[in-house]
Amino acid sequence: MTKDFLNNIKLGVFILASLSFLILLFYMIGKNRNFFGSNIKLKSRFENVQGLKSGNNVRYAGIDIGTVEKIEVVNDTVLEVEMIIENKMKKFIRNNSIVSIGTDGLVGNKVVNITSTKQNAPLIKENDILSSRRPVDTDEMLRTFSKTNNDISLIAKNLKKTTSDINKSSGLWKLLNDNAIPESIHSSLSNLHTASEQINKIIKNTNSIVDHIKSGNGPIGTVLYDTAFTQSIKNTLRDINKLSNSAITLSNEAKATVDNINDQLMNGKGTINKLLKDSITAENINISIQNIKKGSDGFNLNMEALKHSLLFRRYFKKIEKENKCKSEN
Amino acid sequence: MNNSVLVKSFFAEVGSLSRFSGKFLSMFFIPPYEISALFKQCYIIGYKSLPLVGLTGFIMGLVLTMQLRPFMIDYGVESQLPAIVGIAIIREIGPVITALIFAGKIGSSIGAELGSMKVTEQIDAMEVSGTNPFKYLVVSRVLAATFMLPVLAVLSDAISLYGSYLGVNIKGDTSFHFFWTQVFDSLEFRDVLPAFIKTYFFGFAVGIIGCYKGYFSSKGTEGVGKSANSAVVVSSIMIFILDLLAVQITDLLGFN
Numbered sequence: 001m002t003k004d005f006l007n008n009i010k011l012g013v014f015i016l017a018s019l020s021f022l023i024l025l026f027y028m029i030g031k032n033r034n035f036f037g038s039n040i041k042l043k044s045r046f047e048n049v050q051g052l053k054s055g056n057n058v059r060y061a062g063i064d065i066g067t068v069e070k071i072e073v074v075n076d077t078v079l080e081v082e083m084i085i086e087n088k089m090k091k092f093i094r095n096n097s098i099v100s101i102g103t104d105g106l107v108g109n110k111v112v113n114i115t116s117t118k119q120n121a122p123l124i125k126e127n128d129i130l131s132s133r134r135p136v137d138t139d140e141m142l143r144t145f146s147k148t149n150n151d152i153s154l155i156a157k158n159l160k161k162t163t164s165d166i167n168k169s170s171g172l173w174k175l176l177n178d179n180a181i182p183e184s185i186h187s188s189l190s191n192l193h194t195a196s197e198q199i200n201k202i203i204k205n206t207n208s209i210v211d212h213i214k215s216g217n218g219p220i221g222t223v224l225y226d227t228a229f230t231q232s233i234k235n236t237l238r239d240i241n242k243l244s245n246s247a248i249t250l251s252n253e254a255k256a257t258v259d260n261i262n263d264q265l266m267n268g269k270g271t272i273n274k275l276l277k278d279s280i281t282a283e284n285i286n287i288s289i290q291n292i293k294k295g296s297d298g299f300n301l302n303m304e305a306l307k308h309s310l311l312f313r314r315y316f317k318k319i320e321k322e323n324k325c326k327s328e329n
Numbered sequence: 001m002n003n004s005v006l007v008k009s010f011f012a013e014v015g016s017l018s019r020f021s022g023k024f025l026s027m028f029f030i031p032p033y034e035i036s037a038l039f040k041q042c043y044i045i046g047y048k049s050l051p052l053v054g055l056t057g058f059i060m061g062l063v064l065t066m067q068l069r070p071f072m073i074d075y076g077v078e079s080q081l082p083a084i085v086g087i088a089i090i091r092e093i094g095p096v097i098t099a100l101i102f103a104g105k106i107g108s109s110i111g112a113e114l115g116s117m118k119v120t121e122q123i124d125a126m127e128v129s130g131t132n133p134f135k136y137l138v139v140s141r142v143l144a145a146t147f148m149l150p151v152l153a154v155l156s157d158a159i160s161l162y163g164s165y166l167g168v169n170i171k172g173d174t175s176f177h178f179f180w181t182q183v184f185d186s187l188e189f190r191d192v193l194p195a196f197i198k199t200y201f202f203g204f205a206v207g208i209i210g211c212y213k214g215y216f217s218s219k220g221t222e223g224v225g226k227s228a229n230s231a232v233v234v235s236s237i238m239i240f241i242l243d244l245l246a247v248q249i250t251d252l253l254g255f256n
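Chains A and B, in that order, give the protein sequences. Heads up: the first sequence begins at 1 in our numbering, then just goes up one per residue. Heads up: the second sequence begins at 1 in our numbering, then just goes up one per residue.
No lab work stands behind these hints: they were computed from the structure. There may be inaccurate statements among the hints.
[As the list claims (entries may be wrong)] Part of the chain A face toward chain B, derived, beta carbon under 7 angstroms:
1. L25
2. Y27
3. N32
Predicted model, so just to flag it, every value in this text is computed and none were measured. Beta carbons: idealized from backbone N, C-alpha and C, even for Gly.
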């Protein structure tokens, strides 16, 4: 009896182990197929579902969140895809999200991708119809691929030619192999660096000078920015203008006077005119001058005679002595 | 002439097996029920078979994984190894291998046991003593086989999957959690349910054929060996026929 009881215990454990694995199996599958837990139903409309089947996964941002429940033909161009989504995703998906049909990997099962957009919108509700994006057509993709491939082959050909040209060019290789070039480039760069530093300094100085001038200091500053100085220059210029005007008047007057004198000289009856024009007067003057010369010659003789006279000899000798003393000193 | 005898005997065998099954069904519903005998048989048939079934299941999972790996690498889907091995084990390998091992162990033992009882006239003695030998011997064994094979098959699946996990990790590096996720992501109810239901039929076939062969064993020691042998052979063939039927029916019902 006890042995039978023990055997029954073993049997019970054996059967329960099996049963629990079976239940686990069913539960796991059911969980993956969204049979348990509360769900929300969403819809989307497509023109072509590209082989999507009920039971395919629905993904949001790459996470499996549900499955395709069924696909219905609404009319000749519209197919309605009904999806079962986990209820807990209700508070993340917005009703402006976009539904697209993609492939799991390159050749895998079809999946429905729900992509959120950046715009804000209310959250999804039961039986909402989300807008869809046209699925990528494999044929179209391959066509583009073939076009791209042609372009790439062309580019590769060009690249090949370019590289072979580069390989052939001895000058370029010489340039590349020359070890001195990097050094000279380096030194040039350092020179450039110093030059730019100098330029920097100059610019800085210039800046300070300009600032100085702007602030109205120094002669240039005064010239450029002092309003009082400008006013005085204006005044000066006005005075100069006046002066030159009066100079013009003066010169005009002088000219008139000179003209008048000239006219008087040439045509008048005055003494000077007579002196200049009358030949008789000139002769008279000539005679007079000859007479004066004769008179002064006679006077010279008289004076010489006076020096030698007794009365005046002492005076002359005294003058001679004084002159002598001055020259000696 | 010889051929026609063979054909006739074949049909006769099928007919008497059907009658035997019908008798089992009628006896199954009529009280009194031999509950304690059923539990005893469950213990012997189910629990005692677990080590053998577990070992074969473990080795099948391991070997299948290692055998599939090179081809999966050729096709560039090495990462799908757990998924494909999981589906193979749950759908086909687990139920069928378990049923075959079960037929080898239980079918032969039932056939030999009942055969020797028949030969030594214990069954007749039972009838004389007032116990219904069919109820006590056949119904309990067939029921035990019917109910224990699914249990064994499920446990064998679990052990096979563990073997497969070890097989994946011989040359790869997959965490148990990831292996688990990959297996269950690829599984669906239509993989599990038909496979689970068909094991009841396998178990019933093994039990009823073993009992039939033993119950109608020919006289002599030779007869015991013959009935044990033919019990294993016929039940194994029956398992494959039932498997074929099961896949066709699930296909028809759209579960495949």
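Structure-based check of each hint:
1. Below 7 angstroms, beta-carbon pairs count as interface contacts, and A:L25 has one with chain B at about 6 angstroms; its hint therefore holds.
2. Taking 7 angstroms as the C-beta contact cut-off toward chain B, the hint placing A:Y27 at the interface is violated, the least distance being around 9 angstroms.
3. Of the supplied interface hints, the one on A:N32 holds, with its beta-carbon coming within about 6 angstroms of a beta-carbon of chain B, less than 7 angstroms.
Hint violations for this structure: number 2 only, all remaining hints satisfied.
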